[in-house]
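Peer 1: Sequence:
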Amino acid sequence: ERFLGTPYLWGGRESLGLDCTGLTQQAFEAVGVILPRDSDMQFAWTGDDIPDWRAPNALRRGDLVFWKGHVGIMTDADHLLHANAWHMAVAVEPLESAITRIANYYAEPIGARRIDISSKRGRTPDWLSVSA
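First residue of the sequence shown? That's 1 in this note's numbering, and the numbers climb one at a time after it.
These are computed hints drawn from the structure, not numbers from a lab.
We put the CB at the ideal spot given by N, CA and C, even for glycine.
Keep in mind that a hint or two might mislead.
Stated by the list, open to error - For each label pair, taking beta carbons as the anchor points, the in silico distance ranges come out as:
hint: 1; residue 1: THR100; residue 2: TRP10; range: 19 to 27 Å
hint: 2; residue 1: ALA58; residue 2: PRO7; range: 29 to 37 Å
hint: 3; residue 1: PRO94; residue 2: GLY69; range: 32 to 40 Å
hint: 4; residue 1: MET88; residue 2: SER118; range: 30 to 38 Å
hint: 5; residue 1: GLY5; residue 2: ALA44; range: 15 to 23 Å
hint: 6; residue 1: GLY32; residue 2: TYR106; range: 15 to 23 Å
hint: 7; residue 1: ARG13; residue 2: ASN57; range: 29 to 37 Å
Work out the full structure: start from the sequences and follow the hints.
Peer 2: Here it is in structure tokens:
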């Protein structure tokens, strides 16, 4: 949340400008967890699927919600923190508002994932160990 209001910058990974995956990388690096660079890789390689994530109170702080090409971090069960081109900044908004707006312009979310920080902190991520 310290990046709230930071300008949106496609490919950005610092306080001068962030994109959605730069924000998630910075947030998780702050607690010792390394995430892949792109949202498709974060979705494929990060955390555990939350199958019932659209159910009331299924999400919690730190969960990641994904669209094709976009990701945000839940600040609580109902609010999403994300760097986005709509606000042209890092912003917090109700998850349902983000889902509706993004669905109107692009697509529905593809899922949500939960990262067990205690088991990932300081460890080499599985996705770095995968050979091509």
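Peer 1: A separate judgement is required for each hint: does it hold in the structure or not?
Peer 2: Cross-check of the supplied hints:
1. Separated by about 23 Å at the C-beta atoms, THR100 and TRP10 satisfy the suggested range of 19 to 27 Å.
2. For ALA58 paired with PRO7, a C-beta distance near 32 Å keeps the hint of 29 to 37 Å intact.
3. Look at PRO94 against GLY69: about 21 Å separates their beta carbons, and that is not inside 32 to 40 Å.
4. With their beta carbons about 35 Å apart, MET88 and SER118 fall inside the hinted range of 30 to 38 Å.
5. Taking the beta carbon of each, GLY5 and ALA44 are about 30 Å apart, not inside 15 to 23 Å as hinted.
6. Judged by the Cβ atoms, the range 15 to 23 Å given for GLY32 and TYR106 is violated: they are separated by roughly 32 Å.
7. For ARG13 paired with ASN57, a C-beta distance near 32 Å keeps the hint of 29 to 37 Å intact.
The structure does not agree with the numbered hints 3, 5, 6 stated previously, though it agrees with the rest.
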